[in-house]
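A.B. asks: Sequence:
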Amino acid sequence: KGLKSNLLRAFAGLDEEWFEEAGKQSKECQHAFRKMLFGLYFFHGLIQERCNFGPLGWNIQYQFSEPDRQICTDQLKIFLEEQDPIIPYNALRYTSSEANYGGRVTDADDRVKISVFITDFYCADILNDEYKFSPSGTYYAPKFTNKEGYLEYIRSLPINQEPEIFGLHANANLTVAINEANAILQTANSMSGGDGSSDGAKSPDQILAEQSAKYLSDILPPFDTEAASAKYPVDYNESLNTVLNQEMLRFNRLIVRVRASLADIGKAVKGLVVMDANLDDVANGILKNVRPGYWMKVSYPSLKPLSGYVQDLAARLSFFSTWEKNGHPAFYWISGFYFTQSFLTGQLQNFARRNQLAIDTLTWVFAVLKKSFGEQKTIEKPEVGCLVYGLFMEGARWDDDAGHVEESLPKVLFSSVPYMHWWPVEKDKDPTDMNRVYLSPLYKTSERKGVLATTGHSSNRVMSLLLAIAERHSQKYWTKRGVACLTQLDN
Numbered sequence: 006k007g008l009k010s011n012l013l014r015a016f017a018g019l020d021e022e023w024f025e026e027a028g029k030q031s032k033e034c035q036h037a038f039r040k041m042l043f044g045l046y047f048f049h050g051l052i053q054e055r056c057n058f059g060p061l062g063w064n065i066q067y068q069f070s071e072p073d074r075q076i077c078t079d080q081l082k083i084f085l086e087e088q089d090p091i092i093p094y095n096a097l098r099y100t101s102s103e104a105n106y107g108g109r110v111t112d113a114d115d116r117v118k119i120s121v122f123i124t125d126f127y128c129a130d131i132l133n134d135e136y137k138f139s140p141s142g143t144y145y146a147p148k149f150t151n152k153e154g155y156l157e158y159i160r161s162l163p164i165n166q167e168p169e170i171f172g173l174h175a176n177a178n179l180t181v182a183i184n185e186a187n188a189i190l191q192t193a194n195s196m197s198g199g200d201g202s203s204d205g206a207k208s209p210d211q212i213l214a215e216q217s218a219k220y221l222s223d224i225l226p227p228f229d230t231e232a233a234s235a236k237y238p239v240d241y242n243e244s245l246n247t248v249l250n251q252e253m254l255r256f257n258r259l260i261v262r263v264r265a266s267l268a269d270i271g272k273a274v275k276g277l278v279v280m281d282a283n284l285d286d287v288a289n290g291i292l293k294n295v296r297p298g299y300w301m302k303v304s305y306p307s308l309k310p311l312s313g314y315v316q317d318l319a320a321r322l323s324f325f326s327t328w329e330k331n332g333h334p335a336f337y338w339i340s341g342f343y344f345t346q347s348f349l350t351g352q353l354q355n356f357a358r359r360n361q362l363a364i365d366t367l368t369w370v371f372a373v374l375k376k377s378f379g380e381q382k383t384i385e386k387p388e389v390g391c392l393v394y395g396l397f398m399e400g401a402r403w404d405d406d407a408g409h410v411e412e413s414l415p416k417v418l419f420s421s422v423p424y425m426h427w428w429p430v431e432k433d434k435d436p437t438d439m440n441r442v443y444l445s446p447l448y449k450t451s452e453r454k455g456v457l458a459t460t461g462h463s464s465n466r467v468m469s470l471l472l473a474i475a476e477r478h479s480q481k482y483w484t485k486r487g488v489a490c491l492t493q494l495d496n
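Using this note's numbering, the first residue of the sequence shown is number 6, and each one after it goes up by one.
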């Protein structure tokens with residue numbers, strides 16, 4: 006386990022005679038081969054060990070294997086020997102990150118990450134002895150030497166690597182520790198009986214009766230969709246009417262199931278109804294404070310414990326209830342939507358119809374507003390686009406004073422993003438300087454990975470946000486950091 010062990014295994018398994026003969030046709034070719042071979046093996050170890058950081062490392066935990074590395078090794082030798090003295094960096098990057106290793110990578114954001122990482126090792130800089138793989142200078146491709154020389158350098162590396170070699174913030178170690186602790190606690194919680202009580206403690210039946218009644222009172226009854234449809238009819242010039250009605254229908258499916266099962270739990274405790282598999286699932290969820298699978302089948306994505314989930318659901322219902330009662334709001338809680346993409350499409354449709362444009366010619370422009378903006382007593386609705394709030398950033402933070410993405414504060418894993426103004430614009434009139442922004446993915450939960458729905462949308466990924474970055478940073482820097490925005494936290 007670890008980057009050092011990974012490199013040792015890779016170089017120890019090299020055939021020494023093959024290693025000495027590779028690229029021997031010229032000194033330059035042999036030098037390039039050994040430098041880039043070390044870079045390839047380092048890349049292999051790096052992408053494997055990055056899996057330890059969970060979604061911060063990769064959205065999906067891939068099983069990168071030694072055959073992937075071996076194919077890349079053979080290709081490196083063939084490309085360098087056949088095209089000497091030219092080094093086809095782009096071809097080597099493509100075969101490694103897109104074909105060999107990339108063949109396993111199914112998530113679009115992970116494909117961006119792996120194509121960024123390979124550029125640190127398959128590049129002209131690696132031929133320079135002064136080139137370092139990380140800011141600390143600990144890791145680099147050693148000077149031209151034999152197999153034993155490389156092994157000697159690898160043995161000198163630290164046993165435990167810091168997150169900086171993976172391009173991550175030091176907080177990533179804390180994320181790993183928390184994830185491991187949570188996994189242990191979840192396992193222990195799932196193994197707990199929950200069918201007995203100690204002296205003075207409440208019995209499971211008492212807990213079920215009290216909690217089911219409490220949750221039932223927290224969650225509003227289903228929306229009156231007929232009244233809402235009459236108040237907000239289908240309107241060519243106001244697509245958000247349709248968005249509101251569709252959101253209410255989606256939430257009603259969830260509300261009916263949640264309220265019915267909670268009511269039945271109360272009856273089951275009194276012996277009035279029979280406890281079936283679905284009610285048993287809900288009862289276990291209440292006792293262990295975990296989301297019941299029976300609810301999640303018709304729910305929006307969430308990783309919250311049951312108590313937090315009910316609180317979050319109640320807040321979402323309150324948001325839409327206020328919207329239905331008072332009219333379209335001046336600003337939107339973007340985290341409150343069941344199907345967030347419908348809201349975004351509605352905004353684009355309004356703009357396209359108002360200006361008689363084709364919707365597929367539009368794109369989004371993003372502006373993060375000052376924190377003081379959200380503290381105003383009254384907020385005016387913008388003439389174009391929408392004001393949104395409720396986002397969080399993982400892997401970095403928004404610097405309110407400087408107006409760009411900045412490093413996370415020590416031990417602060419998530420930070421809130423201030424109010425944002427999103428507005429549509431024609432693609433050929435987009436004022437955004439793409440070299441000075443980071444394309445931050447926006448996910449619904451910190452799990453990041455999702456499944457492709459029948460609508461063609463991911464069940465987790467919402468869109469990409471274009472966030473301003475400092476002059477000293479690049480898109481590549483924040484991509485390696487694994488920075489992403491979320492609509493909700495896990496608690």
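Rather than coming from a laboratory, the hints here were simulated on the basis of the structure. There's no promise every hint is true.
To be verified - With a straight-line Cα cutoff of 27 Å, these simulated DSS-like cross-link-like pairs (lysine-lysine) come out:
no. : residue 1 : residue 2
1   : K481      : K309
2   : K148      : K32
3   : K219      : K302
4   : K330      : K275
5   : K236      : K219
6   : K330      : K236
7   : K219      : K137
8   : K32       : K152
9   : K481      : K416
10  : K275      : K293
11  : K137      : K207
12  : K386      : K330
13  : K485      : K386
14  : K148      : K219
15  : K152      : K6
16  : K302      : K207
17  : K82       : K9
18  : K432      : K382
19  : K386      : K376
20  : K9        : K207
21  : K236      : K272
Unchecked claim - What follows is a set of in silico ranges between Cβ atoms, one per label pair, in the way DEER data are often shown:
no. : residue 1 : residue 2 : range
22  : E385      : L277      : 22 to 28 Å
23  : A206      : A232      : 27 to 33 Å
24  : K137      : Q251      : 52 to 58 Å
25  : R258      : S70       : 53 to 59 Å
26  : Q316      : E71       : 25 to 31 Å
27  : M301      : S208      : 41 to 47 Å
28  : P72       : E215      : 22 to 28 Å
29  : R359      : N289      : 34 to 40 Å
30  : P415      : Q66       : 37 to 43 Å
31  : I183      : K6        : 55 to 61 Å
Just so it is clear, the structure is predicted and the values come from calculations on it, not from any experiment. Beta carbons are placed, not taken as given, at the ideal position from N, Cα and C, and that holds for glycine.
A.B. asks: Going straight from one Cα to the other, do K236 and K219 come out at no more than 27 Å?
C.D. replies: Between K236 and K219 the Cα gap is close to 32 Å, so the pair fails against 27 Å, i.e. violated.
A.B. asks: Sort out whether K272 lies within 27 Å of K236, counting only the CA atoms.
C.D. replies: 37 Å, violated
A.B. asks: Between M301 and S208, does the beta-carbon spacing fit 41 to 47 Å?
C.D. replies: Between M301 and S208, where Cβ atoms are some 27 Å apart, the hint is violated.
A.B. asks: Is K481 within 27 Å of K416, Cα to Cα?
C.D. replies: 23 Å, holds
A.B. asks: Verify the CB-CB distance for E385 and L277 against the hinted window 22 to 28 Å.
C.D. replies: 53 Å, violated
A.B. asks: Given a hinted range of 34 to 40 Å, is it respected by the beta-carbon distance of R359 and N289?
C.D. replies: With Cβ atoms ~51 Å apart, the hint is violated.
A.B. asks: Would you check the hint for K386 and K376, treating anything up to 27 Å between C-alpha atoms as holding?
C.D. replies: Given that 27 Å is the threshold and the Cα spacing comes to 17 Å, the pair holds.
A.B. asks: With the threshold set at 27 Å, check whether the alpha-carbon distance from K32 to K152 stays at or below it.
C.D. replies: 16 Å, holds
A.B. asks: Mind checking the alpha carbons of K82 and K9 for me, to see if they're no more than 27 Å apart?
C.D. replies: 24 Å, holds
A.B. asks: Check the hint pairing K137 with K207 against an upper bound of 27 Å on the C-alpha distance.
C.D. replies: Given pair K137, K207 is violated - Cα atoms ~61 Å apart, limit 27 Å.
A.B. asks: Is it true that the CA of K148 sits at most 27 Å from the CA of K219?
C.D. replies: With a Cα-Cα distance of about 68 Å, the restraint between K148 and K219 is violated, given a limit of 27 Å.
A.B. asks: What's the verdict on K275 and K293, does the C-alpha distance respect the 27 Å limit or exceed it?
C.D. replies: 21 Å, holds
Of the hints listed earlier, those the structure fails to meet are numbers 1, 4, 5, 7, 11, 13, 14, 16, 18, 20, 21, 22, 23, 25, 26, 27, 28, 29, 30 and 31, in rising order.
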